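Starting from the known structure of chain B, fit chains E, F and C with the ligands onto it as the hints suggest.
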Amino acid sequence: MTVDLYRTVRLIRRFEERAIEFVRSGEIVGGIHPYVGQEAIAAGVCAALRADDLITSTHRGHGHVLAKGVNPARMFAELMGRESGLNKGRGGSMHAADFGLGILGANAIVGAAGSIATGAAWAQRRLGRSSVAVTFFGDGAVNEGMLLEAFNLAALWRVPVLFVCENNGYATTMPVDSAVAGSITGRAKAFGIPAFTIDGQDPEKVLAATTAAVDRARAGKGPTFLECTTYRFDAHHTFEHRARLNYRTAEELAAGWSRDPVEIQGARLTAGDRAAVDAEVEALLDAAAGIALGSAHPDPAAALQYLYASPEVFH
Amino acid sequence: MTVDLYRTVRLIRRFEERAIEFVRSGEIVGGIHPYVGQEAIAAGVCAALRADDLITSTHRGHGHVLAKGVNPARMFAELMGRESGLNKGRGGSMHAADFGLGILGANAIVGAAGSIATGAAWAQRRLGRSSVAVTFFGDGAVNEGMLLEAFNLAALWRVPVLFVCENNGYATTMPVDSAVAGSITGRAKAFGIPAFTIDGQDPEKVLAATTAAVDRARAGKGPTFLECTTYRFDAHHTFEHRARLNYRTAEELAAGWSRDPVEIQGARLTAGDRAAVDAEVEALLDAAAGIALGSAHPDPAAALQYLYASPEVFH
Amino acid sequence: MPKLSYLKALNRALGDELEADERVFVLGEDIRAAASNLTAGLFSRFGPERVLDTPLSEQAFTNFATGAALAGLRPVIEFQIPSLLFLVFEQIANQAHKFSLMSGGQCKVPVTYVVPGSGSRTGWAGQHSDHPYSLFAHVGVKTVVPSTPADAYGLLLSAIRDDDPVVVFAPAGALGFREDVDFSTLAPVPLGVGRVARAGSDVTVVALGHLVQDALAVADELAGEASIEVFDPRTVYPLDVEGLAASVARTRRLVVIDDSNRTSGFAAEVLAVAAERFDLAAPPRRVTRPDGAVLPFALALDRAVQPGRDDLVAAIRGVLEEK
Amino acid sequence: MPKLSYLKALNRALGDELEADERVFVLGEDIRAAASNLTAGLFSRFGPERVLDTPLSEQAFTNFATGAALAGLRPVIEFQIPSLLFLVFEQIANQAHKFSLMSGGQCKVPVTYVVPGSGSRTGWAGQHSDHPYSLFAHVGVKTVVPSTPADAYGLLLSAIRDDDPVVVFAPAGALGFREDVDFSTLAPVPLGVGRVARAGSDVTVVALGHLVQDALAVADELAGEASIEVFDPRTVYPLDVEGLAASVARTRRLVVIDDSNRTSGFAAEVLAVAAERFDLAAPPRRVTRPDGAVLPFALALDRAVQPGRDDLVAAIRGVLEEK
Ligand SMILES: Cc1ncc(C[n+]2csc(CCOP(=O)(O)OP(=O)(O)O)c2C)c(N)n1
Ligand SMILES: Cc1ncc(C[n+]2csc(CCOP(=O)(O)OP(=O)(O)O)c2C)c(N)n1
Ligand SMILES: [Mg+2]
Ligand SMILES: [Mg+2]
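Chains as they are written, first to last, in the working numbering: chain B, 1 to 315; chain E, 1 to 315; chain F, 1 to 323; chain C, 1 to 323.
Everything labelled a hint here was simulated from the structure, so no lab data went into it. Nothing here was measured: the structure is a model prediction, and the numbers come from that model. You may find that some hints are simply not true.
Counterexamples of contact, computed for chain E against chain C with all Cβ distances above 12 Å [as the list claims (entries may be wrong)]:
1) 2
2) 18
3) 24
4) 115
5) 119
6) 120
7) 154
8) 196
9) 234
10) 238
11) 244
12) 259
13) 291
14) 301
With a straight-line cut-off of 27 Å between C-alpha atoms, the simulated DSS-like cross-links for lysine-lysine are [unchecked claim]:
15) B/205 - B/221
16) B/189 - B/205
17) B/189 - E/221
18) B/221 - E/189
19) B/189 - E/189
20) E/221 - E/189
21) E/205 - E/189
22) B/189 - B/221
23) E/221 - E/205
Chain B regions said to be covered by chain C (calculated; three or more residues, Cβ under 8 Å) [as the list claims (entries may be wrong)]:
24) 29-43
25) 63-70
26) 84-91
27) 170-183
28) 239-249
29) 287-295
30) 301-311
No residue lacks a Cβ here, since even glycine has one placed at the ideal position from N, Cα and C.
Bound-form chain B, shown alone (with noise of 0.2 Å):
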C-alpha cells in the first residue's frame, strides 16, 4: 500500500503538471483548476475505496478522478476535447467523468455534489448495494446553503455518505478565516456527523481515517464527515498565472511547499522502489499524453449529440 500510495501521489502530481505545460501550450483550452498539494487527499480516500463505491468531484478535481482509476490518456484527451476522452470532449475538466468507475463527474458549481452524492448513497443502498459515495469539496464549499441541507439528509437519513472537505486555507482569493465563522468540523457536528480534522498530506493518515469512515457507513451507520488540512502549491486556476492576484506571501507558500505529500509518501520508499515508480508514472504519462494528443477531435456536427436520453419525443 506504501508503493501503491506513492504511485498515485507521484501520478496525479505529474499529470497536473503535464496539465499545466498543455496549458501553457494551448493543448488544454480554457486552463484548469490545479490539485498540485493536495494528492495525498485524493489518494488515501480513494485507496480506501472499492470500485463500486462512487464519488463526486469538483472543479479543481483531476486528482479524484485518477485516484479512482481512470485512464490517464482518456482524462488527458478529455481535457483536450477529444473524442476519446472520458466524456467524449463534451465536459472538460470541471466534469470528467467515468460512470463505470463510479465516477459520477465533477461539478462546477461549488458545493452541489454532496447532495447528489447523497441521494446516490441512498439510491444505492435502496437497490440492495452495500456500496458508498464519497464527496469532495472545498473549504468554500461549506459555506453553500445547498451543502448544508445535504448534511441534514444524510444524517437523518443514515446515508453511506462521506463528506471529505479540502481545506487548503482559501477559496479562490478568500482565506478560510474571513469565510468561515465557528469551525468547519463544527459545522458537520452540528447535524450529529462525526467529523474529524486530519492531516492532508499525509496519504496514509487519510487512507487509515477514510478506512474508519467507510466501514462505518457500510455498517448503517450513517455518513462521516472528514476535515483533510492541505494546502494549494499552485494558482487557483491556470489564469493566476498570468494575472498574479495578491493574496498569499512567498513565506505561505514555501512553508506549503515544506510539507509536500510527494515527499512525505516518497520518503517512505527505498530509492531505488521511489526511482522504479516515478519511471514506471512517466512512462505511463508519455503514453497517456501521446495518445491523447493523437486522437480525433469530435465533430462540430454532433455538438448536441447526448443533450437529452430521451431525444425521441423531439419529432
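Leaving out everything else, chains E, F and C with the ligands in the frame of chain B:
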C-alpha cells in the same frame, strides 16, 4: 410591563380568532396561517424592541406585526384586500408590512427572511444607526440552506441581528424530530452564535431573553439565536379546517392547550385588570374590524400600481 | 362512466407507476400526510422508502433526486408551490438537465418534478402564484401542462417514463376539473404531441392547462360569430409545431392565451414561430399576464392580472376583424 | 483620444458611483483581490465596508443586498459566473423584484447585479457558459446587455441609480473590446432606449452585447449586397419597441441574433412583437443558440452551438431573397 404583555398576547389571540371567523365568512379570501398558541413569542420579543428596530416575519406572521405595533384596522383591511390595508391590499396575510414601524414584511418563502434581516441590520449599522433587526422563523426553516448561510454572514460580520426560531414541533405535518438532525440551537452554535432554548409560552421569559440579546447586539457583539419552544394550537393553515390531515393526536393538542400563553400571562393580573384589558382589546378589535369592513376595495385598473419603483424607464 | 378529477388522475398515475416500476419513488414535503392530495393513499401502500417525506431543504432534495437517478432510480418530486421551482432552478437547469451532454452520454437523469397547484391559487398572493413553465422551456427542460384528467394521467406517466428531467405543471385552476373516464382507456400520452381540443375553421386559439377550458367556453360563446379551433399543445417544450402548423393552415388566424408573463413567454414563442413560418391572414395576438407580473393579493386585482375570457374574446374578435 | 476597454469602463462606472454616492457598496466573491478586474483598485480606495468580500453564500448575500437596499443602501453584487444567477433566481425574481408591489409601494430595492463575463468563456464548458438574460426579462427584472465601453459605463451607472433591481450582463466576448473615448463625454445611458449602431435601409439586424460587433462586421462584409441597419436595444427589458419599430419601418426586413436559447428567448420576443405589429416584406429570422443548449467543452463544439457570423450571413441573405 405585565399588563402590556398580557394586552399583546390577548390582542393577538382575539385578532386571530376573529380573522379565522372572517375566513369562514369569506371576508378574508384564501385563508391564513393562525398564530394561535404562539402569541407569547411575538409579544415578548417585540416588547424588547424600540420603534426603530426592524423585524421580518413569516407566513404565520400576524402576531409579529401586531406586537410591533401595527394598527389592527389596517391589518384586518390588508387581510380583506382593502385599499386601506397596510400594503393597500396588495400583500395579504403573508406579506403584511409597515416600513414606518420597521416591519420589513412577512415572507412567504420559508427561510428567506433571515438573510434579508441580516442585510438590513448591517445597513443600519453602516448608516450609523443603533437599531437592531429581529427575524422570526419556524423550526422548518432551520433546514433551509439559505438561512444557514445567513447565520454565517451574521456571525462573521457581527451583525446586530437576532434569530428567533419558533419551534412549534411541526413544519406543516412534518414533526421536528424527523426533519432536524442534531439540535436546533446546535445549528446556530456551529457558526459561533450564542444560542438558547427558552420557554416560548411565557412572554416574560421571552422578553428577558430578548432584552439580553438586543443589548448584546447593540453593544456590537453580534447576533444571538433564540429557540422558543411553543405549540401551534390551530391548523397549519385554515385549509386544514376542511381537509383534516392526520398528524397530531387529540391528547397532544390538549397538552399544548394546557400551556396557553394567554392564561400564563393572564394569571399574573388581577381579575379586574384582566377584565379591563379584555374589554379594551375587544373594543379595539370591534372598531378595527368595522373600519376594515367598511373600507374600499382597490381598483382593478390599478392592479399593477407599485410594480416598479422607477417606472419611468417604460416608455 | 365514472367521473375522474384532474388531481385524482395525477394521484392514480403516480400510484400506478409506483406499482409498475420498483425504481420509481416520490419525495417532497408533507407527502406522507398528502397535504396536497397528490400522494393520497400512497404512503400506506408503498411505505417510507417509496414515499419519502423531506425536510424543508428543496435544493438538497432536488439534487438528491438527481443523484438517485444517476444511480438508477426514477424519482418524482412534488413541489408544494410554484415558486419553489425558482429556488431549485440551478439544480434543475444547471445540474439535472446538463448531465447527459456534459458526461458525453454516460448517464441519464429521469426525474419528474410535479407542481400540483401552479399559477394563481386564490388568496396566495405575490410569492405563491407564479406559473413559470416558460422558463423551463427556455432552458430546454421538457415541460408539460396537462389540461384534462385523462391527459394529466397520461402525461404524468410519460414524464415518469422519460429518461430526461420533466417538469409537470398542474394548474390550480385545473385540479378540480372532472370528466367522465373509462378507466380502461387511461394510457400514456406522448410528450410533444398536441391535440385539437375543438375543431374550427376561422381562428386557432392556442391554450394550455386550465386555460383550455376557458378557450372552449369562449369558443362556445362565440359559436354564432365564428368557428373557433382550440389547439392544446399539452407540452410546452418540445412544442408540437407540426400540429400547430396544421391547425393554422386551416384557420390562418391565431390567438394564444398563456398564463405566463408576456415578454419571452410561451405565447412569444408561438408568435415567433408564426412569424417565421405561418401564412396568416391577420396579425396574431397574445393574451397573457402582463410583463413582470406580480400577483396582488386582493382578489379582483389578482384576477385582473391573469389572462381571462374577456381578454380572449377581445383578441379573437380583433384577429377576425382584421382584413 | 484615450482607449477605454469595456471592462475598464465598468470598473470606472463603479468607482465613480461609489465616489458619488455614499449609499453605494459592492459585494461579491474575490472582489477585494479583484479576480475579475471589475473591482480593480476599489478596495484600496473605498475600504472593506464599501467593497465587501463575501463567503460562497450566494443566496444569503443576494438577500442580504435586498435587506440592505430596504434599509436605504444601494448594493451592487458581482457574480463571478452566469450560472450563479440560477442559484439566486428565487432571491431576485421572487424577493427583490416583488417587494415594491407586494408592499403596496412602501419600499424599493435598488440592487444591481453584474456578471462580468456572461455567455461562453473559452473552455469553461457546460455549467459556466450560459447567457440567461431572457429569463430575467421574462420575470420582469430590468435587464441590460451593453455592447460598447461607453454604453457599459453609462448603463451600469443608470442601473445603479435605478430604484429597482437591475441585472447587467457583460458578455465575455465584449469585455476586451476597446474604443476611443473622450472621458468627459461618459454619461449615464438611460435604460430602455436602444440605438441604431449602423444605419441601413434593406434589413434590420437586432443584436445585443458582443454580438453587436459581429453584426457590424457582417454588415460591412455584405455592404456590396445590401444596406444593413444594426439595432442595439441595449436593454433587454424593457425593450425599446418604438426604436425597433422605427428601424423596421425603414427596412421592412428583420433578423435577430441572440446568444440565448431559441425557445422563448429574447429573439422570440422580438419576433412576437414583429408578428403583432410590424409590416414586413419577408418572414423574420432568428439566429440563436439551439433549444436547451448545453455548451460542450471542445472548442469547435462550443462555437458551433453559439450563434455566429456565418449563421447571421445566411439569415440575412435568406430574408433578402424572400420575395
Ligand atoms: C456556487 C459557486 N460559487 C462560486 C463559484 C466560483 N468559484 C469556483 S471555485 C471557487 C472557490 C472554491 O473554493 P473552495 O471550495 O475552497 O475550493 P478550492 O478552489 O480551494 O479547491 C469559486 C468561488 C462557483 N463555481 N460556484
Ligand atoms: C422554501 C419553502 N418551502 C416550502 C414552503 C411551503 N410551506 C409553507 S409553511 C411550511 C411549513 C413551515 O414550517 P415552520 O418553519 O416550522 O413554520 P410553522 O408553519 O410551523 O410556523 C411549508 C412547508 C414554503 N412556503 N417555502
Ligand atoms: Mg479552498
Ligand atoms: Mg413549525
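Which of the numbered hints are not met once you compare them with the structure shown?
Numbers 4, 5, 6, 7, 25 and 29, in rising order.
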